[in-house]
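S.K.: Chain by chain, the residues run as shown.
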Amino acid sequence: MNDDLLLDVRHLKAYFRSKQRTVKAVDDLSFTLKKGEILGLVGESGCGKSTTTKALLRLIGNQKKEYLEGEAFFEGEDLIKKSDKQMQKIRGNKIGFIAQNPMSSLNPVFTIGNQIAEVPQMHQRAAKNKAWSIALKMLQKVGISDHETRAKQYAHQFSGGMKQRAVIAMALAGNPSLLIADEPTTALDVTIQAQILDLMVKLRDETQAGVLLITHDLGVVAEVCDRVAVMYAGKIVEQAPVDELFHHPQHPYTKGLLASMPKIGSRKKLIPISGHPPNLYEMHGGCLFQERCPFAFDRCKNVEPPLHKIAENHQSACHLSSERMNSF
Amino acid sequence: MNRDYKPFIRVDHLKKYFPVAKNWRGKNSQYVKAVDDVSFSIDEGETLGLVGESGCGKSTTGRLLLHLLAPTSGSLFFDGQDLTQLSKQALWQKRREMQFIFQDPYAALNPRMTIQDSLHEPLKAYGEDKRTRSETIKTLIDAVGIPSQYLNRYPHEFSGGQLQRIGIARSLALKPKFVVADEPVAALDMSIQAQILNLMKELQHAFNYTYLFISHDLSVIDYMSDRIGVMYLGKMVELTDRDALYQEPLHPYTQALLSAIPIAEPKRSKKKIMLKGEIPSPVHPPSGCHFRTRCPFAKAICAEKEPEWVEMKKGHYVACHVVQEAHQ
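Protein chains in written order, with my numbering: chain S, 14 to 341; chain C, 89 to 416.
Keep in mind the hints are simulated off the structure, nothing from the lab. Note that the Cβ used here is the ideal one computed from N, Cα and C, for glycine as well.
In silico negatives: residues of chain S with every beta carbon more than 12 Å from chain C:
#1 76
#2 77
#3 90
#4 96
#5 106
#6 136
#7 162
#8 220
#9 316
#10 321
#11 326
With a Cα cut of at most 16 Å, we get these calculated EDC-like pairs of lysine to aspartate or glutamate:
#12 281/S <-> 290/C
#13 364/C <-> 159/S
#14 276/S <-> 353/C
#15 282/S <-> 314/C
#16 276/S <-> 331/C
#17 360/C <-> 211/S
#18 282/S <-> 290/C
#19 281/S <-> 331/C
#20 281/S <-> 314/C
Extracted from the complex, chain S is given alone in its bound form (with noise of 0.2 Å):
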């Protein structure tokens, strides 16, 4: 086995159920991803990509109605099988989060320097004082400048970009090996989201931890991700490095992405996916895009098309670009 992997999920399966009905978040999903690699979960809203966050963190699985299977080793131990007291252990510490709303992830009644030193305090039982200079180092490392007097400040006293940068500082403060992003940049504004972006690349750099982008932006992926899976429904419909991806799409639904959206300086209609996505409780056998699918034919609507692969790290789940390797 590669030395490099840090996080080979496996045929990981959460689904949600009622009394009525179950809805399969997320179907049967696996991925690797390698140390220093940023590896970019895209998808619509509701096609699972948070759902996959929250399974892998082990925030969801623990009740009834919510059903988690599937194996995630992170640096060799499976994170599905562990209890709850070892996920505590685990959290924070070898797996940073960095949420969508920074606003809602910090603590409004304590300063964010407490926050931040609280990490060390929890993970390496540091003393307190040692916890404080560790936080101010890592508010020095996300470029927040004043750095002391801001550790002793409060949530509202920061604007959104410096939230960030906090709750950036925070999940680096376990020195993580692995960093689980969910949209980090979407509540921000685009001058403010280069920033983060720059500072999340260049923190890589340093620490050569893994990390797992979500994000519907294409743009974004495209700017700082290695490699990009691309999720639909539930699945990952698509996974290439980023080059590949973004130059010799093959299923229909990157190609249909990439096609509705729009760039600057071209002056080309855009064409949009027609319809629109899936009732996830509603599924069908066969393909879940075969519905907007331009291309889709008989066997479409009856066999569900793997993920198969096309190239060199490059896996496609379509019919169609299955059956062109084949005749080769």
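Since the structure of chain S is already known, use the hints to place chain C on it.
M.R.: The following block gives chain C in isolation, referenced to the frame of chain S:
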């Protein structure tokens, strides 16, 4: 583009100040200058795009143009008539010709009314009889691509994209001449976004609407607009044809904004202009040029004097000391 016809909408030195604090006498002492001395015009059948980051005053400008907010000062000509001078009754009649498309389609429609009833409302308000109303609605709903058998459904039975289509249908029910669209696609997924943008373009083509299109997303603005205005902290900093804005942006803020946008083309060698810091508070904007605190080219004069709104080339307006000096 043909720039010879008379301006359909003309805005001169438009200002809107919102009071935020009172002094001990109970008089307003502090203001947010949401829109501060903005002048521009829109031709008939043209789309003017307004772009800027949150809090720059683009939505307030949109509301002022429909006279949903009374301006603090300045004049506003709609089809040759000054809206600020009209009586309530006359304004109400004029309102027929101008409409608004909202950002959040879920919030824009009454959840307890069927969409049929919602669509009847504007027509009822202007005293159309029942038969014409029903006929108008049939053609409208057809034009925006919603099957007419859905008319008796409630908003929760539709997806976001469908609701936005219905919202557009309602805005167009009274056959307006001028439509303000405030972030109409910001709440929608990428594949749906393209559907709505194309629909708005087709409708404009068919009925010769004049649009003011507001968005924070430069690529969406670029796709939709004939001319683009860039706003920063209540001021318009640049206004020109979309091609000129993209090919030779003059204002440092426009340049930074363009370079900050993540482009869906990996490994493109692009030099990023990273802006320092964050947007200052609009209650205490910097003296002189509002952008000077983040501007990489700021000089002494920028702190002393507000830059004037100057036409540098035909139809290309900029408010920047540095650019104006360089041209002299």
